[in-house]
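Peer 1: Kindly generate the complete structure, drawing on both the sequences and the hints.
2 protein chains.
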Amino acid sequence: MPFTPDAALDLLFTEDLIPQHVKNELPSELHIRPLSSTDYGRGHLSVLSVLTQTPDVGAAAWESQFHTLRSTPATYYILVIVSRDTDQIVGTGGVFIERKFLRGLGRVGHIEDIAVSHGMQGKKLGLRIIQALTHISENAGCYKTILNCSDSNIPFYEKCGFEKREKEMAKYAAGRAHTPRL
Amino acid sequence: MPFTPDAALDLLFTEDLIPQHVKNELPSELHIRPLSSTDYGRGHLSVLSVLTQTPDVGAAAWESQFHTLRSTPATYYILVIVSRDTDQIVGTGGVFIERKFLRGLGRVGHIEDIAVSHGMQGKKLGLRIIQALTHISENAGCYKTILNCSDSNIPFYEKCGFEKREKEMAKYAAGRAHTPRL
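Residue numbers (full-length UniProt numbering), protein chains in the order written: chain A, 1 to 182; chain B, 1 to 182.
Be careful, since some hints might not be right.
When chains are identical, the list treats them as one kind, so a pair holds in a single copy or across two.
Distance condition first, Cα-Cα at most 20 Å in a straight line; then the derived SDA-like pairs of lysine to any residue [unchecked claim]: (1) 159 x 174; (2) 164 x 174; (3) 164 x 112; (4) 123 x 59; (5) 124 x 26; (6) 123 x 19; (7) 159 x 1; (8) 159 x 106; (9) 159 x 14; (10) 167 x 120; (11) 164 x 140; (12) 164 x 149; (13) 159 x 170.
No lab work stands behind these hints, which were simulated from the structure alone.
Peer 2: So this is what it looks like as structure tokens:
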């Protein structure tokens, strides 16, 4: 598949929220941009499947979710990294912006679902995604940006400027398996 | 102030999402309901101030935030517990529903900002708020409900059916103090 330029895509949010310094650090054969309405066909779910169960919901349901997220004002910011050679997605991650009453109607950015395809790991793509999402979060006025990670990933996130805070506790809905995140 | 019945209030979401079994467990002088558009005047920010910095933003800004949250479709569910004697808020907590692509367009409920006023602690109000929010989250189709807590609160949340998962990492925006949550 030939590479599709941003101008030919219907994006989740405006491209200029992604900081130039992150774009500059990417290998030249890769491109970082907002999720687009046609990224189902570029392997978005396949990349997410490195994290947890990600059944193929089909293009129509995927697109419907895309439009639901986009219609939620200034809340969901999901990025993808695309190979210019194949037009396929090799990495993704998102941040959503929570609005609070405390901290002077403060906002908190929650980074979620950072995934890099198996063949592209070790190229610091996860780091670039985190840097871009943290920038977007702070630019949106968040007083803090948080993420949850396994013990083995703590040193990586500390290098990204994050510090340990609290414990994440989870309760699974009845009848749904406890599937650890990898 | 005389107690204001739900029917006289403009609520954040429909009252019948709060499970009856939680209402039944509350002391009779207390009432649990969705946040209302006039709860600025019932001490909502004062209760939140037990958690962290909660400056008084004024009634107009508070109400504007209320309407922003309500206009975000099926995302923010904030509860309050009100004293029938004083019509003042004595406890609050919220869950917001995140929509994902993985897990078959799965949803995760994030419980945030559980606060009980100092004079009302020890009455299991936090537990009742958690039970109601978890019910709302699961009823909204979330495959899991998560929260972040300090080590000292882990036994409490384990009793609520939650299990330890990951570490929360946080990055504070430049120029904003690192204020630990109490």
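Peer 1: What are the numbers of the hints that this structure violates, sorted from low to high?
Peer 2: Per hint list: 4, 7, 8, 9, 10, 11 violated.
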